[in-house]
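Enquirer: The residues making up each chain are set out below.
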Amino acid sequence: MAAVYKFKPYNVGRWVIWSLFALVLLLAPLVFTSNLSTTMLAQMGIAIIACLSYNILLGQGGMLSFGHAVYTGLGSYLAIHALNAVSAGKWHIPVSLLPIVGGIAGMCFAVLLGWVTTRKSGTPFAMITLGVAELVFAMSLMFSEFFGGEAGVSGNRVAGEAFFGITFGPQIQVYYLIAAYTFVCVALMYAFTQTPLGRILNAVRDNPERVEFIGYNTQRVRYIAFIIAGFFAGIAGGLGALNFEIVTAEVVGAGRSGAYLLFTFLGGATFFFGPIIGAILMVIAFVLLSELTKAWLLYLGLIFLFMVMYAPGGIASLIMMNLRVAKFGKLRQIWTSYLGLGLTAFVMLAGAGAMIEMVYHLQLNSALGDTVKFMGATLNAKGLDSWFGCAFVMFTGLGLFELCRRQYMIEWGDIQTEIEKEIKRRETAV
Amino acid sequence: MSTTYALELKDVRKNFGKTEIIRGVNLAVEPGERVAVIGPNGAGKSTLFNLISGRFGPTSGDILLNGQRIQHKTPYEINRMGLARSFQITNIFPKLSVFENLRCAVLWSLGYKYTFFKFLSGLKDANERADQLLEMIRLDKKRDVLAVNLTYAEQRALEIGVTIAGGADVILLDEPTAGMSKSETSRFIHLIKEVTVGKTLLTVEHDMGVVFGLADKIAVVVYGEVIAFDTPEAVRANAKVQEAYLGSSVADSQAGGH
Numbered sequence: 168m169a170a171v172y173k174f175k176p177y178n179v180g181r182w183v184i185w186s187l188f189a190l191v192l193l194l195a196p197l198v199f200t201s202n203l204s205t206t207m208l209a210q211m212g213i214a215i216i217a218c219l220s221y222n223i224l225l226g227q228g229g230m231l232s233f234g235h236a237v238y239t240g241l242g243s244y245l246a247i248h249a250l251n252a253v254s255a256g257k258w259h260i261p262v263s264l265l266p267i268v269g270g271i272a273g274m275c276f277a278v279l280l281g282w283v284t285t286r287k288s289g290t291p292f293a294m295i296t297l298g299v300a301e302l303v304f305a306m307s308l309m310f311s312e313f314f315g316g317e318a319g320v321s322g323n324r325v326a327g328e329a330f331f332g333i334t335f336g337p338q339i340q341v342y343y344l345i346a347a348y349t350f351v352c353v354a355l356m357y358a359f360t361q362t363p364l365g366r367i368l369n370a371v372r373d374n375p376e377r378v379e380f381i382g383y384n385t386q387r388v389r390y391i392a393f394i395i396a397g398f399f400a401g402i403a404g405g406l407g408a409l410n411f412e413i414v415t416a417e418v419v420g421a422g423r424s425g426a427y428l429l430f431t432f433l434g435g436a437t438f439f440f441g442p443i444i445g446a447i448l449m450v451i452a453f454v455l456l457s458e459l460t461k462a463w464l465l466y467l468g469l470i471f472l473f474m475v476m477y478a479p480g481g482i483a484s485l486i487m488m489n490l491r492v493a494k495f496g497k498l499r500q501i502w503t504s505y506l507g508l509g510l511t512a513f514v515m516l517a518g519a520g521a522m523i524e525m526v527y528h529l530q531l532n533s534a535l536g537d538t539v540k541f542m543g544a545t546l547n548a549k550g551l552d553s554w555f556g557c558a559f560v561m562f563t564g565l566g567l568f569e570l571c572r573r574q575y576m577i578e579w580g581d582i583q584t585e586i587e588k589e590i591k592r593r594e595t596a597v
Numbered sequence: 003m004s005t006t007y008a009l010e011l012k013d014v015r016k017n018f019g020k021t022e023i024i025r026g027v028n029l030a031v032e033p034g035e036r037v038a039v040i041g042p043n044g045a046g047k048s049t050l051f052n053l054i055s056g057r058f059g060p061t062s063g064d065i066l067l068n069g070q071r072i073q074h075k076t077p078y079e080i081n082r083m084g085l086a087r088s089f090q091i092t093n094i095f096p097k098l099s100v101f102e103n104l105r106c107a108v109l110w111s112l113g114y115k116y117t118f119f120k121f122l123s124g125l126k127d128a129n130e131r132a133d134q135l136l137e138m139i140r141l142d143k144k145r146d147v148l149a150v151n152l153t154y155a156e157q158r159a160l161e162i163g164v165t166i167a168g169g170a171d172v173i174l175l176d177e178p179t180a181g182m183s184k185s186e187t188s189r190f191i192h193l194i195k196e197v198t199v200g201k202t203l204l205t206v207e208h209d210m211g212v213v214f215g216l217a218d219k220i221a222v223v224v225y226g227e228v229i230a231f232d233t234p235e236a237v238r239a240n241a242k243v244q245e246a247y248l249g250s251s252v253a254d255s256q257a258g259g260h
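Line by line, the protein sequences give chains U and V. Sequential numbering from 168 applies to the first sequence in our numbering. Sequential numbering from 3 applies to the second sequence in our numbering.
Next up, chain V with everything else stripped away, as it sits in the complex (with noise of 0.2 angstroms):
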């Protein structure tokens, strides 16, 4: 292998008892890309995430993060091998404060790991991140708000900082815009772009005007396979694709417009 694929995966497997989800996936994402991953409901596009970022174990196959295998390591190994994910429904602390959330997520990649021979005030870099991390979303105004007192848009903008408050330089986001109005979309596919600059992103996404903005790559995924891996326009103009695919995108997106 000349190059290094910042996340490669290698004839992935998973079944479910004897339901093949996922049949067999091979990709390969470059640092700094960003790729969205499109496909119709149920085609296992959540259950690729849920094995890249270690939720379940392949049954078959390799997935490398930097050239690493990580198939059979923890959502926390994998976490600090430098991969960040966030959930199609909202997964945040909700019983601590917004600021609370993003400090928590910031603590161990800033060496704090089990510590409890200091105080969380003392911890001058962990508390400057965790702010700039506020203004980031744009919620430095709820600072003190407990998460659960947020509105939807605000909890999906706190999962988003909660993801990439550890540094990571890959990013699994599970459909971020899910149920969000139009113009929200828009605005937050902005903040999507401007947190993640830099780094490697894949992510889950319904609506096409958003996939066509915002990813350097389209990766389709129909019947647990990925049919098709390649820019957004050589995507469109591909048959299979349209075949099995777009053809329906636009019933889909009515349909999935939950």
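Same shape as in the complex, but just chain U (with noise of 0.2 angstroms):
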């Protein structure tokens, strides 16, 4: 009946979209072929998995970790030296499978970390998770021989034998093997979230106390999800290990749980592909951002300050509620207020942007003169002129964004309604 006709375009939908989804790791590659972008794109795959398992805890089991990193980072530890004890001829695994060994190693660090974080929940395991976190962070500095002390451990990923020519030397060889992992691991959490433990997981986040009424354990249910987010953390640490051939203390550090954290946020944690967006926005922002501008850091902590304020559900959900605005064939309505509001938008952060810029050029270059280039004009950061003429093209746009969202706000609100109306006529049809 009903479910019969549901059930069938649904499916084509899924394999649509994954064939996509390989294609996209397959192709991207011969699409984008710089060295640089080639780096990236490993980096992408690497940040993907690492974000998927940490929107496990965050998203799915509704558990905020501060330290994530701990497994990824721990995996990325046991993989170089997995992979220095293949090069030294002791270990015989080959060199492709050394991200299971970073798994392996992120799983059993949960099974143990996560026996004591997993008793609490809410702000007890956020503290627990940042005590841990720590406990980690200052173990890195005391015991050198494993951490390699302040240079870090390094290895060279051409090591064993080579198979079938596949030496993993070359960058593209490196990319098509985290390609392979993140596409697998990928497919596996998503599958996770289809089976009968990834669904009670939602359920302790939504309401753990009726959970215990309905014969789950909440605690062993977080603990198991926490043991397989470790895993697949684990995963992702072990590919960086053979990407980046050197891991230092930083990757159990604060700053790489903030950005799991922060990321996973941004792209989104109540839907499964949410964290994917953040994995790419997060190494652009790191590879890309940082390098154009010395404020990236001041930018990325705006764009995070608003997204809370404004859009907690992050880019896949305000993809999602277009998504249905366009299902309803309403988009068209809206579309002009769109436009109107990212041109106000940049010229706004245009002007925002130019005293950014000039402030940091004021504390940091001033010795390399006072003249700042900014999106093709010269400023001046000692100017009288420049300044003001930055503050009037912000407030200008300031104000003409606030007008273009005030009728935006009317007209989502009208089409709200109209899709309301919709689907209660649609039901009394039924």
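FYI, nobody ran anything at the bench for these hints, they're computed from the structure. Heads up, a few of these hints could be off.
Pair ranges (Cβ atoms, derived) [as the list claims (entries may be wrong)]:
| no. | chain 1 | residue 1 | chain 2 | residue 2 | range |
| --- | --- | --- | --- | --- | --- |
| 1 | U | E578 | V | S183 | 33 to 39 angstroms |
| 2 | V | N43 | U | G289 | 28 to 34 angstroms |
| 3 | V | L148 | U | N178 | 19 to 25 angstroms |
Given the structure is predicted, the values throughout are model-derived calculations rather than measurements. Just so you know, even glycine gets a beta-carbon here, dropped at the ideal spot from N, CA and C.
Mind assembling these two chains? They're in different frames, but the hints should get you there.
Expert: This is the structure we're talking about:
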């Protein structure tokens, strides 16, 4: 009946999406051929696995962890030590399986540390993850045999016997190894959301108390989920070790943990694909944005701030909300509003950006003179006219943006009521 | 003991700090009985349910479910032994659909435990049971609606659905009709009767009409003690009950019409 009618197109859609995903992974390095882009694509694959594994905790289990880098990082360390053992001829496992070593390491540490961590939920859970993260980072400075001290541990991924001429020397070969792992891990993590444990994990996120009264031990549910997240985190870490051929203490640091949290949230923790967007943005921000401007952390902080305040569901939720509008054929009605919002926001941000760049220039580069190049314009960081001009641009943009936003909110509200009415109408028609 | 009671409480006591909330409750419910627990606000009815379902442990005394002691067990252990409860304040999974709420609630009883090597869509028995429950609680049209978007009465129905889903044979319902209109209440009581056929039922209820219509037996709780436990007619005739409770029931049901 209804169920049969519903399932069929659904599954076709699923095949299309997964095939597209595989195709993108396969073709991406053929489209973006420069060295930089291959490196970035490899990092994106790793980040996707890491952020999705983090989202098993945050989005699916409601566990706000401040120490996820512990599991990716320790996975990296174990993988690089295993790589060195292979290089030294002590171990005989193919290099392509080293990420699994990382995964098993991540899982084992999650078994050990997660047992303490997942005894609590909510704020105590967050505190404990913070404590564990600090503990592991402190240990990384103490045990320099294992963690390699300041210099870290380096390795050479061209080790063991080449398999059909694949040495993993060239970056492109490593990319395809990472891509294969990314595809399999994403598929496995998606599959996890469709299993009984995956669904009960959502229930634990929503209402842990009630879960206890339908027969489940919530601690056990959190613990198993934590171990699974640790496994995938470790795989990401192991891939990172192969990709960079060096592992330093920062991979278990608070900064890395914070980045996973921030970008998973930015991408959208409430939808499965959200963290994938977040991971891609993470690599773009860390590699490109940091090159482009010294103020990149400030921009990142501002973006995060506005996201938490105005779109707590992340980019994924914005996409899904607009897809819903599109599904009811009403995207055309607000199309112009989006254009207006985009243009005015651009003007406003250009003004604000110019001023931020001038401040940074005065603080850090004033020895190089007073001129700042910003988006093709030459500004004088000490000139009143430059400051006045930038402020004028920003406030004009802000004013126009606010006008557009008000108009947009009205239209958006109208469309939502129309959609609600439409749904009611269809319900009664059935 | 010649017979095994479905649920038996022996001198159960509970203190919160120095305050004694439950002061030696004795109660023995036979399998298949429908018991209404009544009593003035603050008498300890909800606390009693919390003790039985394992939310808190009693300070002293024994609680037996089908002859087995459960007073030091956790809620999930008690649930696995065949006791399920609902809550006075709606307690469901707001961000899951109605169907998912019910499916979660049947998983343990069908033996799926913490499985992550099977797909939910392939669990034929769980899906059929969840769909069957959907029809039982008349929410089949709301199958894919998020629980948070249901109306209040629908959420109350889902609450009952989640409670009975696991097939427990002892059911505790804590004020199932709280906050419902008169007509909703009568429809709802009909539903409760229907879905708990053959089960042992304990329910806290304020509406006297409902109590006398639904229950085989009534337990009257006043100040942490069961002062009467008998058939509705006998309880109505009981002088102690009239003095302590029924005399003020009209005022109470008006005041308690939240």
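Enquirer: Can you list which hints this structure breaks, lowest number first?
Expert: Structure breaks no hint.
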